[in-house]
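Residue numbers (this note's numbering), protein chains in the order written: chain E, 1 to 125; chain Z, 1 to 162; chain A, 1 to 90.
FYI, nobody ran anything at the bench for these hints, they're computed from the structure. One or more of the hints may lead you astray.
As the list claims (entries may be wrong) - The calculated DSS-like cross-link candidates involving lysine-lysine, where the alpha carbons are at most 30 Å apart (straight line), are: (1) A:K2 <-> E:K35; (2) A:K2 <-> E:K39; (3) A:K3 <-> E:K39; (4) E:K39 <-> E:K110; (5) Z:K58 <-> Z:K2; (6) Z:K2 <-> E:K110; (7) E:K35 <-> Z:K58; (8) E:K35 <-> E:K110; (9) A:K3 <-> E:K35; (10) E:K110 <-> Z:K58.
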Amino acid sequence: MTDSIVRTLDSVGNASYFVVALLAVMALFAVVTQKNMIKICISIAILGSSVNLFLVLLGYRHGGEIPIYFLKGAAETMVLPTPQCLTLTAIVIALATTALMLSLIILLHKHYGTLDIDEIRRLRG
Amino acid sequence: MKPLSVIVTSICDVFAWFMIVFGVYVINNGHNTPGGGFQGGAIVATFLSFMLVAYGGKRFFAWARAGVYGFLEFVGLAAFFVFGCFGFPRSFFFNSLAIPLGGQVLSEWIPYCGTISLMNVAVGFEVVGALSLVVIEMYESIHMIDTGAGMGGERGHDRFDR
Amino acid sequence: MKKTVFIMAAIVLAGLLCGMFEDIHPFGLPNNTLMDDYFLRHALSDRSAQNVVTSLVFDFRGFDTLGEAAVLFTALSSIGALFRDGGKKE
Numbered sequence: 001m002t003d004s005i006v007r008t009l010d011s012v013g014n015a016s017y018f019v020v021a022l023l024a025v026m027a028l029f030a031v032v033t034q035k036n037m038i039k040i041c042i043s044i045a046i047l048g049s050s051v052n053l054f055l056v057l058l059g060y061r062h063g064g065e066i067p068i069y070f071l072k073g074a075a076e077t078m079v080l081p082t083p084q085c086l087t088l089t090a091i092v093i094a095l096a097t098t099a100l101m102l103s104l105i106i107l108l109h110k111h112y113g114t115l116d117i118d119e120i121r122r123l124r125g
Numbered sequence: 001m002k003p004l005s006v007i008v009t010s011i012c013d014v015f016a017w018f019m020i021v022f023g024v025y026v027i028n029n030g031h032n033t034p035g036g037g038f039q040g041g042a043i044v045a046t047f048l049s050f051m052l053v054a055y056g057g058k059r060f061f062a063w064a065r066a067g068v069y070g071f072l073e074f075v076g077l078a079a080f081f082v083f084g085c086f087g088f089p090r091s092f093f094f095n096s097l098a099i100p101l102g103g104q105v106l107s108e109w110i111p112y113c114g115t116i117s118l119m120n121v122a123v124g125f126e127v128v129g130a131l132s133l134v135v136i137e138m139y140e141s142i143h144m145i146d147t148g149a150g151m152g153g154e155r156g157h158d159r160f161d162r
Numbered sequence: 001m002k003k004t005v006f007i008m009a010a011i012v013l014a015g016l017l018c019g020m021f022e023d024i025h026p027f028g029l030p031n032n033t034l035m036d037d038y039f040l041r042h043a044l045s046d047r048s049a050q051n052v053v054t055s056l057v058f059d060f061r062g063f064d065t066l067g068e069a070a071v072l073f074t075a076l077s078s079i080g081a082l083f084r085d086g087g088k089k090e
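Chain E on its own, in the form it takes in the complex:
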């Protein structure tokens, strides 16, 4: 079971980086083109998730197990722990940022009565 997973991961090569690129470009495109502020917030969350995925992918080693001595079994190599630690930090910070963004969206909707950024821009001035 584990050997088949390892062989599959070895065969994909750099294709997993292209998944990250696709996610990041899709999220950036949605940030630029969408008009609804909730959708922009979701796109920013997806952008952060793609960056986190990229960090974790950078730390993979062939045949590596999880970096926990308690659970790793008989494997010799372990994946790099530092990108996982950085990702753990980045997830919590992204959560705090998303909460702040949603609060600002609530306040903007309270002031202007709409979520459309074009409407908000037209109302100002």
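Based on these hints, arrange chains Z and A on the given structure of chain E.
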């Protein structure tokens, strides 16, 4: 926010407490399984939003207050800082309570880990308090929108200032 | 019109990103692993930590985690400040 139907509240009675037990398990075993203070705290904080959706705000705030969660967050942050100060002769956040084992893998049920497990509990308290307070503040902003309290600061284009 | 410009820009950006990802190390073979090998070797023997990631978060990089907790606290207090009533009584 009105309470949902009796089906939702019955299921909530069964599963909301499971959330707390599972979150406390993740916090307490954070030093030898995947997980830890942040993840377990997020799971425990799911309890509050779950009860808020199922029972509605009026009934919920009759027995849960925001001051409790603010106190939890204060206690978590202070305890985290104090546990960091435990290793001060060497450096900040040095694991001074650890017993060097020399590469030996313990096979106990919960292996001894020094200050890491204490810090897991402290960070778990902090995250539970912070996320629950975020949910409570956002819920109370609905009341502000309904009544228009505290609005109308900017003259000219506010909805409530005409 | 505007959307076609954005689509072309997105395609160009995707091409640039894919060209960039061609140049990093192949998947599964990281280059400089000296620091991570040090952590993997010394986390259990020196600090008696079974979980290397938790040992990194709370022990080796504990100051980083303190800043992370401070970020969480700052976001919470700014949300609380946003939803104040502004001193007005109804």
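Run through the hints listed earlier and report the numbers of any the structure violates, in increasing order. 7
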